[in-house]
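Sequence order for the protein chains is A and B.
Adding 30 to a residue's 1-based position in the first sequence gives its number in the numbering used here.
Adding 2 to a residue's 1-based position in the second sequence gives its number in the numbering used here.
No lab work stands behind these hints, which were simulated from the structure alone.
Check each hint, because a few of them may be wrong.
[Claimed, not checked] Keeping only pairs whose Cα atoms sit at most 27 Å apart, straight-line, the calculated DSS-like set for lysine-lysine is: (1) K250(A) to K193(B); (2) K217(B) to K201(B); (3) K206(A) to K250(A); (4) K193(B) to K206(A); (5) K217(B) to K193(B).
[Stated by the list, open to error] Okay, the calculated bits of chain B under chain A, using three or more residues with CB under 8 Å as the criterion: (6) 152-159; (7) 191-204.
[What the hints assert, rightly or not] Far from chain B by the CB rule (all over 10 Å, computed), these chain A residues: (8) T92; (9) R116; (10) A122; (11) S139; (12) V162.
No residue lacks a Cβ here, since even glycine has one placed at the ideal position from N, Cα and C.
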Amino acid sequence: MRRLSSVQALTAAVFIVVLLASPAAAAMRDGWLGDMAVVAWLEDSTVKVALANGGTSRLTVTLTSEGWDQRRRPFFLDRTLVVPARTVVIEAFNLNSTWRGEPVAVKVSAWDREAVVEVQTQEIFSPSSYVVRSQEELQVFVDLAFLAPERETVTLVVDDVYRGLGQSDVGEITVKSVEGGFYFSPARQRVEWIDPYMILTMQAPRPQREVTTFSFSVYKVPEDARGRYSDQEIEGPTILVFSRQLAYQDNSHLSSPPTPAWDWRR
Amino acid sequence: MKRLTIALLAALLLIGSVPAAAQWESYGTVTDVTAIAWLEGGTLSVALANSSNTRTTVTVSTNTVDSWGRPVFASRQVSIPGRTIVLETFYPGTYWRGELDVRVSGGFRGFKVPVQNGDIFQPDSYIVAANTQLNVRVNLDNLLDSSGQTRLVVDDYYTTQGGAQDDRIRIESIGGGLTQVRGTNTIEYVKPYMVLRMKTPNIAGLTTLTFGMRKSEGPSNWWQERIEGPTILVYGRNMRFLGTSSYDDNSGRVAR
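Just chain A, with the same shape it has in the complex (with noise of 0.2 Å):
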């Protein structure tokens, strides 16, 4: 076996400690534990968490809060779950008053792995479900006004396709409407600025397995890039896919926010 240079080792170790040392920092936008995938997504202050449990038995699950606010508390109480075999569980938590805006992230344990999964945003990127079933249409609003700086020196260019999990979970993406900008309102005689949005639609994978995750990116192209994207990727949401035969049990309603006292003045 060749031996290791001392440059080489180094850069091993330093990778390794990088790896080791931010696990918040590594987090995907999908966790696997198993058959069973893990997505996670915000709503307003609420974080709601995907969990397919693609295979044969029931998985028991705890899901913590990874990161802390700035008094040292997270986000959210920890919970432990069962889910189900052949089935999609939505849950959600309510972050607590101290979160301002922090990147959330989520840790699912099961009793011998683990995934940390980013909580996703909806800045740029609103699909009209972040879990969807087999073959159903997907429409994913995206935001442009991100683009206003330099909107006259950047083309945006979406994905032709998706790409999932597996090798066939792949599909067209096709740009439904860009609308926005300067319109001419009849009724109240005047010009007015819509910010700029477009629709994206796609038509969600049929998965090899049970169930798979699938995403895509745009580009901002420089004018000057000639055909070279370089580093303007945007990732675009991560989706979970789930087949026809597994059951969907969506338990968010029952961990809303709880209704103050009819005397909670006093």
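Fit chain B to the given chain A structure using the hints.
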């Protein structure tokens, strides 16, 4: 008593001279000559319209100087036949900054002519015949602010110098912005624009036409900015437009 009389005479002279001074600096018609000016690229065009029946001679000059202290274009004396519009073209030097100053003077009178630069409003033509359609393209890109809550209200009617025959302004089309390149997943930015359409007044002589719009930003409308539109020269059947002058025609240029 003598001093008081002199003081009173001086005061009367001052009062009498104020309107004249204001007229000297005003933009419009002085001694039957109306002028408008506009800049397209590096070319300055000055349209001079003489609405009287007799020929008149005016001088077009500038107070704007280049970095060497010289006028950016040489003054030119133009003789304008009666009931005629003459278009003079100048090529100002490139080494000047700020607003370009153009003055038209004849005899003891003169006036400053504002130079329209076409940054926002781009009419089909600055000199149009009466009772015809006029399109004005409005570049909306320069009016877009960062708040993303821009609202524009275009004047319902244009106004003319006499104010007698004002007509409605119609928004013909609005376009541009982020648009999809046909058949691809590519989105590109086209500068937003608006086309305004109006019918010029049905007059026999000469007038100028103008309009404007109001821009407001933010959620409330309490603050509005007035954006003045272009000034267009409209001529009727009793006037003739000679077009761009050249040295060998009868445009009226006088060698100095």
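Pair hint K250(A) and K193(B), alpha-carbon separation not exceeding 27 Å: Given that 27 Å is the threshold and the Cα spacing comes to 18 Å, the pair holds.
Against chain B, does V162(A) hold up as non-interface, every C-beta pair farther apart than 10 Å? Since the minimum Cβ distance to chain B is about 21 Å, V162(A) lies beyond 10 Å and the statement holds.
Would you mind confirming whether the straight-line C-alpha gap from K193(B) to K206(A) stays at or under 27 Å? With a Cα-Cα distance of about 22 Å, the restraint between K193(B) and K206(A) holds, given a limit of 27 Å.
Just want to verify: T92(A) was marked as not at the interface with chain B; is every Cβ pair farther apart than 10 Å? holds (41 Å)
Proximity test - 8 Å, beta-carbon atoms, the region 152-159 of chain B to chain A, at least three hits: holds (count 6)
Does the no-contact call for S139(A) survive, Cβ to all of chain B over 10 Å? holds (39 Å)
Checking one constraint from the list: CA of K217(B) to CA of K193(B), max 27 Å. Satisfied? Given pair K217(B), K193(B) holds - Cα atoms ~18 Å apart, limit 27 Å.
Does A122(A) really sit off the interface, with its C-beta more than 10 Å from all C-beta atoms of chain B? For A122(A), whose nearest Cβ neighbour in chain B is about 31 Å away, the distance exceeds 10 Å, so it holds.
Using a Cβ cutoff of 8 Å, are there at least 3 residues of the region 191-204 of chain B near chain A, or does the coverage claim fail? holds (count 4)
Regarding the assertion that R116(A) does not contact chain B, is the least Cβ-Cβ distance greater than 10 Å? holds (35 Å)
Between the alpha carbons of K217(B) and K201(B), is the straight-line distance 27 Å or under? Holds, because 24 Å separates the two Cα atoms, which is no more than 27 Å.
Straight-line Cα separation of K206(A) and K250(A) no greater than 27 Å? holds (19 Å)
In the structure shown, no violation is registered for any of the earlier numbered hints.
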